[in-house]
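**Q** Now for the letters of each chain:
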Amino acid sequence: MPAPLVDENSLIFCFSTNYFVVRMDGLWRKHIDLFLLISHVIPLIFFAFLFIFPLSLLLSSSFLYYGKPSLYWFSSIFSDTYFVNFNPRTGYLFDVYGDTMYIWGLDYGIILNTLIVALTTMILSTVMGLISAFILARYDFPGKNLFRVLLYTPMLATPFVNAYVLGKLFHPTSGLINYIFYDLLHILPYRIDLNGLVGISIAQSLSYFPIVYLNFQASLLNIDPSLEEQAENLGAKGFSLFRRVTFPLALPGLTAGMIITFIFSMEDLSAPIGFIGYSGNPLAKKVMSYYIFQSFSEAMRGVITPETSALSVILLSISIIGFILIKRYVSLKTYASLSRGGRWNPRVRRISGFKLLIVYVFLVVLVLVGSMPQVGTVILASTDWVLGGVTPKSFSLEYFYRLLHPSVSRAISNSVIYSSIAVLIAVLIGASSAYCVARFKGFLASILDILSTIPIAIPGIVLAVGYFMFFTSFFRWTLLDPLIDPAPLLILAYSFRRLPFAARSIFAGLQQVHVSLEEAAMNLGANRFQTLFRIVLPLILMNIFGGAILTFVYCMSESSTSVTLGALRWDRGPITFYINQVVYGSIVVGAASVGAALCVLLMTIQILAIIISNYVLKQRFAIYGF
Amino acid sequence: MVRVKLENVCKKFGNVVAADNVCLDIFEGEFFTILGPSGCGKTTTLRIIAGLERVDSGKVLFDDVDVTNIPPYLRNTGMVFQNYALWPHMTVFDNVAFGLKIRKVSRDEIRRRVKEVLELVKLSGLENRYPHQLSGGQQQRVALARALVIEPKVLLLDEPLSNLDAKLRVEMRSELKSLQRKLKITTIYVTHDQDEALTLSDRVAIMNNGRILQVSTPIDIYNKPRDLFVASFIGKCTILTGVVQNRSDGYLEVKCDDMTLWGVPAYEDLNITVGSRVACILRPENFKLEVSASDNVFDGYVKHVSFYGSRNEVKVAVRSSELIISFDSSVNIDVNKPIKIAIPRDKVIILPYHAT
Chain W
1 MPAPLVDENS LIFCFSTNYF VVRMDGLWRK HIDLFLLISH VIPLIFFAFL
51 FIFPLSLLLS SSFLYYGKPS LYWFSSIFSD TYFVNFNPRT GYLFDVYGDT
101 MYIWGLDYGI ILNTLIVALT TMILSTVMGL ISAFILARYD FPGKNLFRVL
151 LYTPMLATPF VNAYVLGKLF HPTSGLINYI FYDLLHILPY RIDLNGLVGI
201 SIAQSLSYFP IVYLNFQASL LNIDPSLEEQ AENLGAKGFS LFRRVTFPLA
251 LPGLTAGMII TFIFSMEDLS APIGFIGYSG NPLAKKVMSY YIFQSFSEAM
301 RGVITPETSA LSVILLSISI IGFILIKRYV SLKTYASLSR GGRWNPRVRR
351 ISGFKLLIVY VFLVVLVLVG SMPQVGTVIL ASTDWVLGGV TPKSFSLEYF
401 YRLLHPSVSR AISNSVIYSS IAVLIAVLIG ASSAYCVARF KGFLASILDI
451 LSTIPIAIPG IVLAVGYFMF FTSFFRWTLL DPLIDPAPLL ILAYSFRRLP
501 FAARSIFAGL QQVHVSLEEA AMNLGANRFQ TLFRIVLPLI LMNIFGGAIL
551 TFVYCMSESS TSVTLGALRW DRGPITFYIN QVVYGSIVVG AASVGAALCV
601 LLMTIQILAI IISNYVLKQR FAIYGF
Chain H
1 MVRVKLENVC KKFGNVVAAD NVCLDIFEGE FFTILGPSGC GKTTTLRIIA
51 GLERVDSGKV LFDDVDVTNI PPYLRNTGMV FQNYALWPHM TVFDNVAFGL
101 KIRKVSRDEI RRRVKEVLEL VKLSGLENRY PHQLSGGQQQ RVALARALVI
151 EPKVLLLDEP LSNLDAKLRV EMRSELKSLQ RKLKITTIYV THDQDEALTL
201 SDRVAIMNNG RILQVSTPID IYNKPRDLFV ASFIGKCTIL TGVVQNRSDG
251 YLEVKCDDMT LWGVPAYEDL NITVGSRVAC ILRPENFKLE VSASDNVFDG
301 YVKHVSFYGS RNEVKVAVRS SELIISFDSS VNIDVNKPIK IAIPRDKVII
351 LPYHAT
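Read top to bottom, the protein sequences are chains W and H. Here the numbering used here is used: position 346 in the first sequence is 346, and no number is missing along the way. Here the numbering used here is used: position 108 in the second sequence is 108, and no number is missing along the way.
One should not assume that every hint holds.
[What the hints assert, rightly or not] Here are the in silico distance ranges between beta carbons for each label pair: (1) Ser178(H) <-> Ile450(W): 24 to 32 Å; (2) Phe529(W) <-> Ser174(H): 35 to 43 Å; (3) Arg107(H) <-> Ile45(W): 40 to 48 Å; (4) Asn15(H) <-> Phe86(W): 31 to 39 Å; (5) Gly235(H) <-> Leu227(W): 21 to 29 Å; (6) Asn163(H) <-> Ile450(W): 30 to 38 Å; (7) Ser135(H) <-> Phe239(W): 44 to 52 Å; (8) Val41(W) <-> Phe13(H): 24 to 32 Å; (9) Gly235(H) <-> His514(W): 30 to 38 Å; (10) Val127(W) <-> Arg129(H): 21 to 29 Å; (11) Asn128(H) <-> Ile450(W): 39 to 47 Å; (12) Arg107(H) <-> Val41(W): 14 to 22 Å.
[Claimed, not checked] Sample of chain W residues facing chain H (criterion: CB under 10 Å; computed from the structure): (13) Gln230; (14) Glu232; (15) Asn233; (16) Ser409; (17) Glu518; (18) Gly525; (19) Ile535; (20) Leu539.
It is worth saying that the hints were derived from the structure and are not from the lab. Ideal placement from N, C-alpha and C gives every residue a C-beta, glycine not left out.
Chain W on its own, in the form it takes in the complex:
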C-alpha cells in the first residue's frame, strides 16, 4: 500500500494534543481533527444551552432592579422576616394541646428553614446510613443478604405520595402510628402530630439515607484489607482501629453521600407537596423549593419575578458550593478508581448472641421505618385506605384500572416517550463527554468533566425557572418554547438532569479499556470512527446499557421540572406531574390512590431495572454518588 500523502484540506487527528499543525508551502495551519471537534463541541453546545445560558440569564435577572445592576432583591429578601427570621413566632415543636403533641418545627423564615431541614435530614440520614453500612460491610450473620435487598426499598421512587402516606400514618386521630402506640398499646403519652418542617425532614431522611448508606458502604468495601491488617499488626484494634484507619479511609464516600443528601433535601419538592396535599399544613409550605414552585405556578403565563430569580440564585449557590466541596474532596476519578475494588476478601466478622440481637433489632426497625412510604404507597394503591380509617377495609384493584383512563395513560405514555428520547440524548452527550474526559486530557475535557457531573447538584426547580425565562425569551414561538409545547424542553431537561448517570457509567467502562487497544486498531489502519465502532463501543456496550437503564429510571421519576414545565400544557404532563396533581390538587376524593398506583408502576420499573442491571448486564446498579 503506497503511503498516502496528506492533502492540504484533510482533517487529521492527534492523541496527545488537541490540534496540530501541518506545514504546507511555508504556511503554518491548524488542522483540527473532526472526531475531536465533534466529541468536544456537541456536549459543549448542549451544556451551553441547557446550563450556562439559562442560569446566566437567571443570575443576571436577579441582579437587576428596573434595568440597573443592584443588590436590591437580595437585600430585600434577607431583611424580610418571611425569608430570614431569627425569632420564630409561629410553629410547634413538642407543644402539647389537649392529648396531642404537635411536632411541626419552628418558622425561622424560608431560607433558614430550608437550611435547618437540610441539615437535620443530613444528620438523620448519616446516622442511619453510617450504622447500617458499617454493619452490612463488616459483620456476617444469617439473613444479611435479605437485609441488603430490603434496604433497597426506601430508594424506590414514590414522588409526592411518600409524604402523603407519612402524613396519613402520623395523623393525630386517624393515623395508624398513633392508633397502635397511643390507643392500643398506650406507650405514647400523647398523640403525635408529625407534620410541617419536621415531617418534611423525616420523609426526606427516609428516602435519602440509602444514599449515605451506599456511598459509605462502597468506600468501606474498597478499603484494601491489608491497610487495616497493618494497623492491627501495629497494635490498633476495636474502635481505635475504626477511628484512626477505617473511618478516615472511608470518609470521602461518607462526605459525598452527606453533601448529596443536603443538596437533595434543599431542592426536594416531593415532601412539602405531599404534606400540603394531605393536610394543608402551613409550615410545610415554608421552604425555598416550594416557594419557588408556587411563584412559578402563579407566574406560569406571565413573568418570573426578580425576587424568585434571586431566591433561586441563593438556592443554586448553596448547592454549587456543596458540589465544589465534593469535587475537591472526592473527584470523579477517585471514585471510579475506588469502585473497581471488591476483588479482595473483605474483612467480615461473624457475630452472635447479644450483639446479633442488637443488629437485628436495629435493621428490622430501620427496614420497617425506611420502607413505610413504599409499603404505604402499595396499600394506598390497592385498598380503600384513602377513604379514611386507620387501616384499610377492603382490597381493590380499582385504582390500577384507573391507570387505563385516557388522561392517566396519556401521562404514562408521555413519560415513557420523554424518558426514552432523553436517554438517547443523555447517552450520546454522556458518552461523548466521558470519552473526552477519559482520553483527551485537555482543558476543555476538564470543563466537560465538571459539566457532566454538575447536573446532580443543580436544583431542578431552579433549572425550571431558568429554562422558562431563557426559552420563552429567546426561543419564543419555536419548537423549544414551553408555552407552546413543553415536551421538547422537558426531554432536554430530563437528559441534562440525568446525564451524570449515563456519563459516569460510560466513563467507568472507558477506564477499563486500555488506550493501547484503540492505538493498536489505529496502527492497523482503522481511523477514529472505525476504532470507535469496532473496538470501543463493543467493549463498553454493557456500561452503555447499564447507564441507559439507570438514566431511564431516573427520568421516569423526575419531578421538579415535570411539575413546573409539565404543567404548562396538561395534555403534555408526565407521570410525576399527574401524581402531583392528584395528590396536591385532590381533584376527586380518593384520587391520591391513583397517584399511589402510578408510584407502584414507577417502583416496578425501578425493580426491573435493578434486576436487569445486576443479573443480565452484571453491572452494579449505582444510585447516587460521585
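Mind docking chain H on chain W? Use the hints.
**A** What follows is chain H alone, placed relative to chain W:
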C-alpha cells in the same frame, strides 16, 4: 521494507523532555534496537514513528517521504504493544484479521493470510480462542501475527518480551530473531534489557534523558562506548576518573587520585589531550592474574567474592578505589588476602569525563 529516518525530532510532555533532538537513520531490513533506562524516551520515540505521538518539531521520513503529519492509520506500520493490546471481545482470528478487514481484503484472502501468519508464529489451531484463553507467550505471538499480517513497512516492537517469564523470554528472543531474518522486515525494537538489545540487534541506539547517545553495532557498544553513560549502562565496569598526564604511541597516561593508569581513547575524535579530565573504563573480564611488563598492575586485597556459577565476581580494594573483577570460578580467590592483578593498556578505555 523502508528506511526510517528521524530528523531533529523533539517532543516534550509538560516540562519533561521525552525526545531531545533525536536523529536516527534506520536501514532497510535492519533489526534496530533503542535501548535505555525507563523514562528515557524510547517508547515515545517508537510512538512517534508509529504516529501515535505528535512531534513538537522535527521530521519523520519513510524512504524519504515525510510522514510527520500522517496519522497512524495511514502509515502502515505494525506495532506490538508492551501489553499486547489484544482486543478481548475478538477471537484470535478476528484479532489478526482486523487490519485486513479494514483494508477491505477479500474474505478468502483474509483466511489465507491469517492462516499463513498463524503458522509462521506457530499458533495454528488456536483461531477460535479468545485472548484470555491463551498463555502469555501465545498472546505475544498473536500480537506479533496481528502486526505482521498487514505486511507493514516497518515492525515496531515496544518491549514485547517484558511481560513473559525469564525462560520464555529467552526462547521468544531467538524466535523473534529468526522470524525477522526470514521476513527481512525493517524492525525497530524498544527495550530496557541490554541482553535483548545485544543479542537481537544489527545496531543499537542508546538513549538517555531523551537523547540518543550512541548508535553502533552491539560489539562496538560494549567494547567502544562513546559516552560514560553508555559504558556504565551496558555491562559491568569500574570507572576511575582522573586527568591525562602524558601521551605516547596512542596511549594516554592518566593520573587517578593515588594511582596512574595507561589506556587508549575510545575514539580519536573525542579530542582528549594532556590535561583533559577523563574517565577510565575497566571491564571486569579484562583483568588477569598474570602480569606482563606493559600492563597496568594493581596491588590490592580481596574484599568480597560473589559466586555466579561459571564465574566469580571479585571486589578488590586498591588504595582508595574498588575494582570489580570477574574470574572463572575455577580460579581460587581467597577473601581478605592480598592480590596482584593486571589489565592490558589497550583494554582500558578512556572517555571524556562529564558529570552525569
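**Q** Now tell me if each hint is right for this structure.
**A** Checked hints:
Roughly 54 Å separates the CB atoms of Ser178(H) and Ile450(W), a value that falls outside the hinted 24 to 32 Å. Between Phe529(W) and Ser174(H) the beta carbons are some 41 Å apart, a value that agrees with the proposed interval 35 to 43 Å. In this structure, Arg107(H) and Ile45(W) meet the distance hint of 40 to 48 Å, their C-beta atoms being roughly 42 Å apart. A hinted range of 31 to 39 Å is violated for the C-beta pair Asn15(H) and Phe86(W), which are about 54 Å apart.
In this structure the hint that Gly235(H) and Leu227(W) lie 21 to 29 Å apart at CB is violated, the actual value being about 42 Å. For the pair Asn163(H) and Ile450(W), the beta carbons lie near 37 Å from each other, so the given range of 30 to 38 Å is met. Hint check: Ser135(H) to Phe239(W), Cβ distance near 48 Å, so the stated range 44 to 52 Å holds. Restraint check, Val41(W) to Phe13(H): a C-beta distance of roughly 26 Å satisfies the suggested window 24 to 32 Å.
A beta carbon spacing of about 35 Å between Gly235(H) and His514(W) agrees with the range 30 to 38 Å that was offered as a hint. A hinted range of 21 to 29 Å is violated for the C-beta pair Val127(W) and Arg129(H), which are about 53 Å apart. As the Cβ distance of Asn128(H) to Ile450(W) is approximately 45 Å, the hint placing it in 39 to 47 Å holds. Under the hint 14 to 22 Å, the C-beta atoms of Arg107(H) and Val41(W), about 38 Å apart, miss the expected range.
Below 10 Å, beta-carbon pairs count as interface contacts, and Gln230(W) has none with chain H, the closest being about 29 Å; its hint is therefore violated. Interface hint status for Glu232(W): violated, as the beta-carbon distance to the closest one in chain H is roughly 35 Å, over 10 Å. The interface hint given for Asn233(W) is violated, since its Cβ lies 32 Å from the closest Cβ of chain H, which is over the 10 Å cut-off. The beta carbon of Ser409(W) is not positioned within 10 Å of any beta carbon in chain H (closest approach about 41 Å), and the interface hint is therefore violated.
Taking 10 Å as the C-beta contact cut-off toward chain H, the hint placing Glu518(W) at the interface holds, the least distance being around 9 Å. Because the smallest distance between the Cβ of Gly525(W) and any Cβ of chain H comes to about 4 Å, under 10 Å, the interface hint for this residue holds. The interface hint given for Ile535(W) is met, as the beta carbon of that residue sits about 6 Å from the closest beta carbon of chain H, less than 10 Å. Look at Leu539(W): its Cβ gets to within about 6 Å of chain H, closer than 10 Å, so that hint holds up.
Checked against the numbered hints given earlier, the structure breaks hints 1, 4, 5, 10, 12, 13, 14, 15, 16 and satisfies all the rest.
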